[in-house]
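Colleague: Fit chain B to the known structure of chain A by using the hints.
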Amino acid sequence: MEFSIYRFNPETDSAPYMQDFTLGDDLVEPGMMLLDALLLLKEQDDSLSFRRSCQHGVCGSDGMNINGTNGLACILPLKDLKTPIVLRPFPGMPVIRDLIVDMDNFYHQYREAEPWLVNDSPEPEVERLQSPEDRDKLDGLYECILCGCCSAACPSYWWNPDRFLGPAALLQAARFIQDTRDEATEERLERLDDAYRLYRCHGIMNCTQVCPKGLNPSKAIGDIRKAMLKRSI
Amino acid sequence: MTLTTRKFDALIVGAGGAGLRAALQLSNAEARVAVVSKVFPTRSHTVAAQGGVNAALANVLPDSWHWHMFDTVKGSDYLGDQDAIEYMCRAAPKVVYELEHFGVPFSRLEEGNIYQRAFGGQSQHFGKEQAARTCAAADRTGHAILHSLYQQNLRAQTHFFDEYFAIDLIKDETGHVLGVVAFDILSGEPIVIEAKTTLIATGGAGQIFRTNTNALSNTGDGMAMALRAGVPLEDMEFVQFHPTGIAGRGMLITEGARGEGGFLINDQGERFMERYAPNAKDLASRDVVSRAIAIEVREGRGCGRNKDHTLLDLRHLGADTIMKKLPGIREVSMTFLGVDPIEAPIPVFPTCHYSMGGIPTNRDGQVVVPVKDTPEDPVPGLYAAGEAACVSVHGANRLGGNSLLDILVFGRAAANHILDFLKDNRQHRPLHQESVDQALARLARWDRKGEGEAVEPLRRELRKVMEDHCGVFRTAEVMQEGVTRLHELRERIDNAVIRDHSRTFNTARVEAMELENLMDCAMATIVSALGREESRGAHSRMDFTDRDDERWLRHSLYSLQDDAMDYKPVRTQPVTVESFPPKERVY
Chain A
1 MEFSIYRFNP ETDSAPYMQD FTLGDDLVEP GMMLLDALLL LKEQDDSLSF
51 RRSCQHGVCG SDGMNINGTN GLACILPLKD LKTPIVLRPF PGMPVIRDLI
101 VDMDNFYHQY REAEPWLVND SPEPEVERLQ SPEDRDKLDG LYECILCGCC
151 SAACPSYWWN PDRFLGPAAL LQAARFIQDT RDEATEERLE RLDDAYRLYR
201 CHGIMNCTQV CPKGLNPSKA IGDIRKAMLK RSI
Chain B
1001 MTLTTRKFDA LIVGAGGAGL RAALQLSNAE ARVAVVSKVF PTRSHTVAAQ
1051 GGVNAALANV LPDSWHWHMF DTVKGSDYLG DQDAIEYMCR AAPKVVYELE
1101 HFGVPFSRLE EGNIYQRAFG GQSQHFGKEQ AARTCAAADR TGHAILHSLY
1151 QQNLRAQTHF FDEYFAIDLI KDETGHVLGV VAFDILSGEP IVIEAKTTLI
1201 ATGGAGQIFR TNTNALSNTG DGMAMALRAG VPLEDMEFVQ FHPTGIAGRG
1251 MLITEGARGE GGFLINDQGE RFMERYAPNA KDLASRDVVS RAIAIEVREG
1301 RGCGRNKDHT LLDLRHLGAD TIMKKLPGIR EVSMTFLGVD PIEAPIPVFP
1351 TCHYSMGGIP TNRDGQVVVP VKDTPEDPVP GLYAAGEAAC VSVHGANRLG
1401 GNSLLDILVF GRAAANHILD FLKDNRQHRP LHQESVDQAL ARLARWDRKG
1451 EGEAVEPLRR ELRKVMEDHC GVFRTAEVMQ EGVTRLHELR ERIDNAVIRD
1501 HSRTFNTARV EAMELENLMD CAMATIVSAL GREESRGAHS RMDFTDRDDE
1551 RWLRHSLYSL QDDAMDYKPV RTQPVTVESF PPKERVY
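So the sequence lines, in the order shown, correspond to chains A and B.
Going by our numbering, the letters in the first sequence line up with residues 1 to 233, in that order.
Going by our numbering, the letters in the second sequence line up with residues 1001 to 1587, in that order.
With the rest of the complex left out, here is chain A (with noise of 0.2 Å):
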């Protein structure tokens, strides 16, 4: 099996370079995840690095660009891809080395959406109590995994990066809009009401259709922009 992969070295290479790598017939398994193979190819070349954990899809390590299209290297079935597999790291992202990003960006517009519950009201000696229509809100929202395809994903975030929190954040920012038990929804709407932060948001759709798990940025985006709406009537 046929892999091109990106490969950059800040300490030895003055420009990134696509690296032919093949997987023997022989190694390749039925059920075989990308990840697994690329576990192979660093037998093969120690020196190819790209990030990776728990291997099920849920810590969100392993973002990359396959054939294309981002996504999780360890949920994405080997006999799925058209081969030659062709792996970048996140477009739109500074490059570390190989397949690893610089997300600090990323991480800074996740905090820039102040994504923790706020409640200030006395706290009750047992839980606040919470409907299930209520919680059902949450779902679609809270599962994100942080694993920044979708930002990555979006035409607006690569232009604006600085300035555009981007799906993810947003993502968050929704989660906490949407939670009846915050009590900052005020505050938050209010920080949101910028040209940039929010509405450089053009419904272009991306975030939603990379989401390895399945999530709507782009919905939850579009209810943030409602609830501005409201408000301002």
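It is possible that some hints are incorrect.
[Said to hold, decoys possible] Here are some, though not all, of the chain B residues that point toward chain A, as calculated from beta-carbon distances under 10 Å:
1. Gly1328
2. Phe1336
3. Asn1506
4. Ala1508
5. Val1577
6. Pro1581
[Claimed, not checked] Footprint (simulated), chain B over chain A, 3 or more residues, beta carbon under 8 Å:
7. 46–58
8. 126–133
[To be verified] In silico DSBU-like links for lysine-lysine, alpha-carbon gap of 35 Å or less:
9. A:Lys137 <-> B:Lys1094
10. B:Lys1094 <-> A:Lys230
11. A:Lys213 <-> B:Lys1324
12. A:Lys226 <-> B:Lys1324
13. A:Lys213 <-> A:Lys230
14. A:Lys230 <-> A:Lys82
15. B:Lys1307 <-> A:Lys213
16. B:Lys1281 <-> A:Lys213
17. A:Lys137 <-> A:Lys213
18. B:Lys1423 <-> B:Lys1449
19. B:Lys1464 <-> A:Lys79
20. A:Lys230 <-> A:Lys219
21. A:Lys213 <-> A:Lys79
Derived from the structure by calculation, the hints contain no laboratory data.
Every value quoted in this text rests on a predicted model; they were computed, and no experiment measured them.
Glycine included, every Cβ here is placed at the ideal spot set by N, Cα and C.
Modeller: Below, chain B alone, put in the same frame as chain A:
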């Protein structure tokens, strides 16, 4: 070259649930706290916990912390320390309510309370009816908790060293622990992080077995650091095999699937757990269910072409329950097997899941070691919590839903003790250069060039040795051979080399250092297992099939020096209630 040095009041190694819960407690108390983690915090393995966290909230069925305590003691096969178990079960409701206040999106009951489900080994009235004690956020409870804790730490402005690899503890001649030497994975540069207290919260060592539910990062780094600092590891022979890993792959299918009503069947379509545990059936303790599955397969009643697994049937639960309560495992099953549990049963087999053993601590999270006649003398400045630690609340077998509880309760308890320690210890002690140099030498060792074996094949061999020689059923002969092979592997690892010598994000070097840690944890496990001549909880000896309370109601302590074994008594005396004396364990 001058070495970068940073100083903090409190240092935490590991950013899973235990580390982040401790960090939050410390940050909220305005201590200067730093968290070192080799992965970005939300990628820590707590994120993969599915089923939930136990607390006697009695939201669904009547419950009490005392029943929870009984179940935990019984589940531990009486090896758990009853003071720590009482403390944990009493604290459980409070820490769960705190989580809810931190924003954890728990699933809800009709009246708006936290949803609780049935889990294995849980009962009402000290061993009678099934209880519903496990608080859940669908089947993504670990994710919900870890992200919420990280978010609250951001709010509290905890200082994070993300993607830094801790090499070793710094310890002076008087035995005080002064922090760690780490390196920045991004730049490859070493750094000395001095701290008045160091908390090890690095999780388990599930990667010592070939088939496991664990992340690749679960390499027992903190356990191995403790060993190298002269701290013995406690009860390492007790490794939990989760009954329902995806057959052949190892991904976890939560016990919650059986808690919601799923059951196991063999090739005859028989619900075989009825034979092994007439009352609790599929919700017997994990060690019991894992052994039952292994026996079914061994006696030829396995399913599939190779008759090498059993099936977990959820079909009768219906699409609604599966999609609402178990969406994550449906996703995993469809991704890795192409099986939709709404339509077909899931092939499962026991898989290495959890280290019951670890760094010995008391219930304040202080690391304790035997000194002369005192079996538990605190190591000044050193703490441990979570799966890396052995406090011991799980004893010989952990109950499902008690690991998330353990990390929260003891992460918090350790932080509270650290705050007290900081009040009495206002100054940093002088740095111990020799100890720093030793750690730097371990890092530099991988700069060695020339011929030598590569890391990955050695790692594969180690995991295979452990699976073949220290699995679900154990005998002296087979383990002895395993020990011999590990000794040989240890020497080969000493001579291994990596080919990548770059500084920037050198993952080969990280993996090499992880292999050394795995080696120490594997040796601790098999030597401890060989030493314990009885069957208790997860430790099943075919040559010593019975539990032997006379000789073995005691904790094992393995030291790196000469692979020596020592033992210490179980703390059978709870804090306020009466002790639960050992009884025959039936479910």
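Colleague: Hint by hint, note whether the structure agrees.
Modeller: Structure-based check of all given hints:
The criterion of a C-beta within 10 Å of any C-beta in chain A is met by B:Gly1328, whose closest approach is roughly 8 Å, and the hint holds. Here the hint on B:Phe1336 is kept, as its CB sits about 7 Å from the closest CB of chain A, short of 10 Å. Below 10 Å, beta-carbon pairs count as interface contacts, and B:Asn1506 has one with chain A at about 8 Å; its hint therefore holds. Evaluation of the B:Ala1508 hint against chain A yields a held restraint, the C-beta minimum of about 4 Å falling below 10 Å.
A cut of 10 Å between beta carbons decides the hint on B:Val1577: the least distance to chain A is about 23 Å, and the hint is violated. This hint is violated: B:Pro1581 has a C-beta 34 Å from the nearest C-beta of chain A, more than the 10 Å allowed. Under the rule that three or more residues need a Cβ within less than 8 Å of chain B, the assignment of the stretch 46–58 of chain A holds, with 12 such residues. Evaluation of the coverage hint for the stretch 126–133 of chain A: fulfilled, as 7 residues show C-beta separations to chain B shorter than 8 Å, against a requirement of three.
Of the pairs offered as hints, the one joining A:Lys137 and B:Lys1094 holds, with about 26 Å between alpha carbons and a cut-off of 35 Å not exceeded. Our distance criterion of 35 Å between C-alpha atoms is broken by B:Lys1094 and A:Lys230, whose separation comes to about 38 Å. Between the alpha carbons of A:Lys213 and B:Lys1324 the distance comes to roughly 16 Å, so the proposed pair stays at or under 35 Å and holds. Note on A:Lys226 and B:Lys1324: the hinted pairing holds, with a Cα-Cα distance of about 27 Å set against a maximum of 35 Å.
For the suggested pair A:Lys213 and A:Lys230, the alpha carbons sit about 30 Å apart, so the restraint of at most 35 Å is met. Taken as a hint, the A:Lys230 and A:Lys82 pair is broken in the structure, with Cα atoms around 46 Å apart against an allowance of 35 Å. Restraint check: the Cα-Cα separation between B:Lys1307 and A:Lys213 comes to about 33 Å, which is no more than 35 Å; the hinted pair holds. Proximity of B:Lys1281 to A:Lys213 is assessed by CA-CA distance (about 34 Å); at most 35 Å being required, the pair is judged to hold.
Of the pairs offered as hints, the one joining A:Lys137 and A:Lys213 holds, with about 17 Å between alpha carbons and a cut-off of 35 Å not exceeded. For a cut-off of 35 Å, the pair hint linking B:Lys1423 to B:Lys1449 is broken: about 48 Å separates their Cα positions. Of the supplied pair hints, the one linking B:Lys1464 and A:Lys79 holds, its CA atoms being roughly 27 Å apart against a limit of 35 Å. About 16 Å separates the Cα atoms of A:Lys230 and A:Lys219, which keeps this hinted pair within 35 Å; it holds.
The hinted pair formed by A:Lys213 and A:Lys79 meets the criterion: a straight-line CA distance of about 20 Å does not exceed 35 Å.
Checked against the numbered hints above, the structure breaks hints 5, 6, 10, 14, 18 and satisfies the rest.
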